[in-house]
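**Q** Got chain A; can you put chain B on it based on the hints?
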Amino acid sequence: MALDAELLQIVGLSFLVAGTSTLIGSVIGIPLGAMIALKEFRGRDFVRTLAFTFYGFPPVLAGLLVFLLLSKEGPLGSLEWLFTPIGMVVAQVLIVTPIVTGITASAVMSVEKRLHETALALGADGRQWRATALHEARVGLLTAVMLGFGRAISEVGAVLIVGGNIRGYTRVLTTAIVLETSQAHYVEATVFGVVLFAVSFVVFAVLQRVQGRAFL
Amino acid sequence: MTTWRIAFLLALVLILAGLAVTLVANTGSTILLATTTSARDSGLLDVLLPEFSRDAGIGVRFVAVGTGLALDTARRGDADVVLVHAPAAELEFMSDHGLCRSRVMRNQYIVVGPATDPAGIRGLTNATVAFTRILSARATFISRGDNSGTHSMEKTIWSWVGYQPRAATDPWYREAGQGMGATLEIASQLGGYTLTDDGTFLVRRPSLSLEIDVTNDPPLQNVYSVIPVSPARHPGVNAPGALAFAKWIVGARGQGIIGNYTVGSERPFHPEGLDGC
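Residue numbers (the numbering used here), protein chains in the order written: chain A, 1 to 216; chain B, 1001 to 1277.
Chain A extracted, bound-state conformation (with noise of 0.2 Å):
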């Protein structure tokens, strides 16, 4: 197995699964987790718990509540997306979400008391202070951002059941580990995690800097 064209689609399937599942999980999770940081509302702390219960919620279970949920019998069955790429985003978006949400609502709490009152005091309505208080606590939102991309990429269990590990189609740099693993080829399977690894580094870095240039 040389760098050929089957491991550049591994590669760019990885991405395009786990990019599009922390996208999708950034949208929903960083207003979610904004939310449970700046409003008062009753269950508050009973949403946050639950935020951060999820932390611990396995992929594999994400994965079997999906293929069920995407299964020609179960209720979304009819969409066909079990096997198929989509389905695995909707999996890890599961996943991913909940990280997104909890370590922004961390990280918009962590700002929020100490701007609360300078804001009011300088004059700033309900509105301003919110939009200051999530402009401050901006490099913990790419905190969460970073680490719901670094659980999507580097899961298994939820991508290997809705997906099928299908050559060419839905396979990933970790369900190939596993595959290659279980056939006993583990250059070839540590070949996968060098690529993951690597990868993962570039992408990482360039976040980085991004929160770099987010410290001015």
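Keep in mind that the hints were calculated from the coordinates and are not lab data. Think of the CB as a built atom: it goes at the ideal place given N, C-alpha and C, for glycine as much as any other residue. Careful: at least some of the hints might be erroneous.
Claimed, not checked - Straight-line C-alpha distance at most 35 Å; calculated DSBU-like pairs for lysine-lysine: (1) B:Lys1247 x B:Lys1155; (2) A:Lys113 x A:Lys39; (3) A:Lys39 x B:Lys1155; (4) A:Lys72 x B:Lys1155.
Said to hold, decoys possible - Chain B side only, calculated, beta carbon under 8 Å to chain A, not exhaustive: (5) Leu1010; (6) Arg1061; (7) Phe1062; (8) Val1063; (9) Asp1078; (10) Glu1175; (11) Gln1178; (12) Ala1182; (13) Arg1204; (14) Ser1230; (15) Pro1231; (16) Ala1232; (17) Glu1266.
**A** What follows is chain B alone, placed relative to chain A:
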């Protein structure tokens, strides 16, 4: 907020790049084949399926799981056709989910174990006797434990012995819960016996410290069958594609490829196609 715009654009570029790479791999008409890990791990499918796609112009995607799960995937209507090896489970499947069933090929189950052979079974041609000796020696035995075709054959042999070992009460009996390749690896590492199809064993043999103990036991035939999923029961399936595959694999082309498939110098599968469709 420029940082956000950069991050967002970056994500978008990554996703579009991934999308481009993925779309290239997409084809027209495809069938989804649910099959067993032994068919995959032997390397046969990688030779067989591209030839079918070339002949018929139909792409094949396959998921390789245990026979039990493969049949269940089809039972849910999530696969178009199955290639499996568990006659009893197949007959049950045929009663309401299968369109037709064709015998495709055969290999055999063998008992393999460590070179030290603690149960003294090397050279036997009767797996029931071998299992009885493993039981009385309390020698380590690794079961697939995954409801696969091989697992059900193993349980059948234990029923001939008259004793059904349980992982909870028999410390020498361990359930891997994984595919054939992984189970062989565990048996090799732990110095245990296991039941395997000879095809997978031949492929994996160089990396294992396991020897063949029992072979050529007539009841230990491992027959693979192909079953297209019934379109009457599951209207969503690609019935023409599945039927074309079932016809092709038992025809001259499919059977020829199966018969000529070699691993090392061995031919792990004997073509025995019998068109039942």
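**Q** If a hint holds in the structure, say so; if it does not, say that too.
**A** How the hints compare with the structure:
no., hint, verdict
1, B:Lys1247 x B:Lys1155, "32 Å, holds"
2, A:Lys113 x A:Lys39, "13 Å, holds"
3, A:Lys39 x B:Lys1155, "59 Å, violated"
4, A:Lys72 x B:Lys1155, "31 Å, holds"
5, Leu1010, "6 Å, holds"
6, Arg1061, "4 Å, holds"
7, Phe1062, "7 Å, holds"
8, Val1063, "4 Å, holds"
9, Asp1078, "5 Å, holds"
10, Glu1175, "16 Å, violated"
11, Gln1178, "7 Å, holds"
12, Ala1182, "5 Å, holds"
13, Arg1204, "6 Å, holds"
14, Ser1230, "13 Å, violated"
15, Pro1231, "12 Å, violated"
16, Ala1232, "14 Å, violated"
17, Glu1266, "17 Å, violated"
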